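Could you fit the two chains together into a complex? Lean on the hints.
Sequences listed follow chains A and B, in order. The opening residue of the first sequence carries number 0 in numbering that gives the first Met the number 0; numbering runs sequentially from there. The opening residue of the second sequence carries number 0 in numbering that gives the first Met the number 0; numbering runs sequentially from there.
It is worth saying that the hints were derived from the structure and are not from the lab. Here the structure is a predicted model, which is why all the values come from computation and not from measurement. Hints should not be assumed to be uniformly reliable.
Dumping the calculated DSSO-like pairs for lysine-lysine here, alpha-carbon to alpha-carbon at most 30 Å [claimed, not checked]:
hint	chain 1	residue 1	chain 2	residue 2
1	B	146	B	168
2	A	279	B	147
3	B	168	B	141
4	B	18	A	172
5	B	146	A	165
6	B	10	B	24
7	B	123	B	141
8	B	146	A	279
9	B	146	A	172
10	B	141	A	94
11	A	172	B	141
12	A	3	A	172
13	A	275	B	146
14	B	123	B	146
15	B	10	A	172
16	A	275	A	94
17	B	120	B	141
18	B	18	A	275
19	A	172	B	120
20	B	168	A	172
21	A	94	A	172
22	A	165	A	97
23	A	165	B	18
24	A	165	A	279
25	A	172	A	97
26	A	172	B	24
27	A	94	B	24
28	A	172	A	279
29	B	147	A	97
30	A	172	B	123
31	B	168	B	120
32	B	168	B	123
33	A	172	B	147
34	B	168	B	18
35	A	94	B	18
36	B	141	A	165
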Amino acid sequence: MNDKLYRFLLTAAALAIPIVCGGVVYALVTDAYAAFEHFGFLKFLTSSEWSYTEGAEQYGALPFITGTLMTTALALLFCIPFSLPVALFVGEYFKGTKVASVLATVTDLLAGIPSIIYGLWGFYTLRPLIMALNISPQGSGVLTASLVLAIMIVPYAASLSAEFIKMVPNDLKEGAYSLGATRAEVIRRVVFPVAGSGIFSSYILAIGRALGETMTVTMLIGNTNNIPESITSTGNSMASIIANQFGEADGLRLSSLIAIGLVLFLITAIINLIGKVMIKRARIV
Amino acid sequence: MEPIIPILEFKNTCVSYTKQTMAVKYVSAAIERNTITAIMGPSGCGKSTLLRAANLMHELYPNIRVDGEILLNGENILSMEPIDVRRRIGMVFQRPAPFPTMSIYDNVLSGYTLNGIRLAKAEKDATVERCLRSVALWDEVKDVLNKKGTFLSGGQQQRLCIARALAMKPDVLLMDEPTSALDPIATAHIEELMQELQREVTILIVTHNMGQARRISSKSMFMYLGELVEYGDTATMFSNPTDERTRAYLTGKMG
Chain A
0 MNDKLYRFLL
10 TAAALAIPIV
20 CGGVVYALVT
30 DAYAAFEHFG
40 FLKFLTSSEW
50 SYTEGAEQYG
60 ALPFITGTLM
70 TTALALLFCI
80 PFSLPVALFV
90 GEYFKGTKVA
100 SVLATVTDLL
110 AGIPSIIYGL
120 WGFYTLRPLI
130 MALNISPQGS
140 GVLTASLVLA
150 IMIVPYAASL
160 SAEFIKMVPN
170 DLKEGAYSLG
180 ATRAEVIRRV
190 VFPVAGSGIF
200 SSYILAIGRA
210 LGETMTVTML
220 IGNTNNIPES
230 ITSTGNSMAS
240 IIANQFGEAD
250 GLRLSSLIAI
260 GLVLFLITAI
270 INLIGKVMIK
280 RARIV
Chain B
0 MEPIIPILEF
10 KNTCVSYTKQ
20 TMAVKYVSAA
30 IERNTITAIM
40 GPSGCGKSTL
50 LRAANLMHEL
60 YPNIRVDGEI
70 LLNGENILSM
80 EPIDVRRRIG
90 MVFQRPAPFP
100 TMSIYDNVLS
110 GYTLNGIRLA
120 KAEKDATVER
130 CLRSVALWDE
140 VKDVLNKKGT
150 FLSGGQQQRL
160 CIARALAMKP
170 DVLLMDEPTS
180 ALDPIATAHI
190 EELMQELQRE
200 VTILIVTHNM
210 GQARRISSKS
220 MFMYLGELVE
230 YGDTATMFSN
240 PTDERTRAYL
250 TGKMG
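Isolated chain B (complex conformation) (with noise of 0.2 Å):
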């Protein structure tokens, strides 16, 4: 049998922000494709900076280096065109942010603007519709496409911004806390609705709320000072983790 290429493979992967402190530790994992990975540990422990290393935002910022290899279906995306990289490794972040010039309508078409792609009409009312149904925001904003999307709720924000990524149809979404700026009930329609995604795209997210995890995910990784201390299932994880240092964060004895 042939070895199944995993559709994200981190090896020995190294971000440092400066020459002596690194951020995330020779961190090695592949995640399997339509799956949620959760991955949390406490502040500070490199989380959100391993996301980001995944699609390149780190070469935003001349001082920060990666080391060691990212693979997206087996090619190493740290050698690849960064534009290239991110148009198939989609991002959400934290605080929804959409474009606060742009429309409803265009904030889900803004990847296409941004990388100067045209679409005809016909084709740009498709993928507006399906991508804002896949956020199931469809029914919520059909009527006011041409408004600002700013004028949205958080929650709907961050679904917006959601859909703007998926518009792209890329291979692996990466989530950066995407419900932490959000209330319960909105947090909960973006749970529900990365259940659903994941037949689509690979869901990969920074997630500092265990319940959340435990509730999403189907594999959870457990990071601790940069280092990669656990992987695996989460339902394991959960009931009985390996390392001492997961169950002390589990159990609330460290946070």
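Just chain A, same shape as in the assembly (with noise of 0.2 Å):
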């Protein structure tokens, strides 16, 4: 092949990724601006209003932002007792051994299951257990989809906190122990300290990806439209009222759902950009 035409090649196949994305943003931002124009962009947001009887339209984003933060801080929190310690049994305890790359393969397996299994599991499994132990009546709502969120989010949080858990230089860690301090005191004194931004940055990605999940969360928040009074109470996530909706809304009420995927989409870029960066930083240490 001629090398001219194989460099045009290369470039347009490069370059159809950004047009592609500015092209998302372009449409959701078009298609929002109606929305927008008409309740106002902060209305939009701190309303939570959300009905379609005709002639009233009233539709506001908070109750479905509440949603999704309520669900993804609980998810993290449930998600750092469990990933936490697989992290530094892989990364630490048992770095190297067979036992470690087993555990390490079976959470990174725990990313490839598809996430309406996840939802079945949550739907069948674990609402009817919240039903039995009378935590809620209904058994949906954000306790019972942050749950399963947070064992869908511990395989990333757990593989990439491990990676830098690994990077901590030996020396330190023996200039550690040659002071006579135990495990313990190591892993809190030294392995912690320095690995932890690179942990904490593994955490904010394990975020953007608990943010924008979305048939899992449908399938056991509860689908209702209101702002969650509790945890155990039912509710609607950014993700799923789209999921939920988009199929029968037309006009303003389907320039609603994307004004809400604008800023889905908008708070996750931010997330995974201060991700990207924070782990940058944390391998140059």
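The structure is reproduced here in structure tokens:
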């Protein structure tokens, strides 16, 4: 093949991605514009009305922003006690052993399970359990969705954290041991502080995953368009309201859904950007 | 006259990484109190491995076996708690590695914080000053104690690491090629410092620099293929080695 042609094709293929990405943003902005124009940008974000009575349509994103933030925060909270030990096990305690690589592989496998499967498991196993334990009468809700979401983000947080824990120089650990430190002290005073920003960034990326997760949340959150009163209440996340209503929506309602999508896109993009920047910084140390 | 108990004594010490290969073979040697003893030998002769056995570093790696005895003031450290041994036998490594998340001040005190020992503020200040003075770093860093230790030059970092080890008031200080990553001026500083330090602590130093061994140590060991070939007064060993292998190494025929 001719060299010039080859370079042209390569450039064209590489440029296609940013062009598509730009197109997505453009489409989101133009389609969301009607909602923002009708309700006002801030009003749209802070209103908790979601009613599609004809002639008196009111759409506000606050219940869904709240739903997303609640599920994400809870998922993160539930995820830490599982992902951090896995990361320590793989990256420090049993570093380089067969057990560690088996555990790491199994954890990574969790990331490959389709979210619909998690949704089904949550719906048919966890939801009845929540009801049986009298935690909430309907079983579904923010808590149920968050628990499953937590399992889903464990592999993202754990495998990246483990990499950063592995990167802590042996010189430093041996230096600490040579002063008479116990393993627990070495982890607390040397491994965590040194790997800290890396571990933090892996959780930021896990948050990025949790924010946009749609299928599992839609199946488990209960799909009510109100601000969840407590963690056991039902609600909707930004992703789940779109998944629930996009098929039957048109006009202002569709525009409002797309506006929610745009906001979600922005939040996720910012979170991922922060995570990426932090990872870059952490690698230099 | 009662026999003097050596501060540190290797008795038939063996270290093996795998069942077949022994990195250190039946080394026996008594280290004299308040001396500098150099361990020399070509790369891979087991000198670092022997040194690391003395503060139980090998216990961090489950596949490494240490046999025989290593006596600290007559007590076998191989049957003691690693934590207790390491507080009494400090170690300085090849590459200076102050804790990057701690200030200079906190680095000196890291032995205490890592062991969960709390000190009063006055005691902390006194320890930091004493240790930094004994490594001749105090005047250089006294105004920047809250800066990170990693801002210092390589030689200063290594002196900080020595200060960190001295803070625990060890009986013995093990040094694993402490100047091999440093420039000649920083090396000279550290050597001078070691001469001072031997008054308060017994130093066992691994070095592949024959000049260094000759300059600073009063006793020398020569190791080859895991065996302790020769051990005696440094001056005698350099002028009149008894073993042919020592002679070959010291005259540069083997290295």
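Hint check against the structure, violated hint numbers in rising order:
10, 12, 18, 29, 34 and 36
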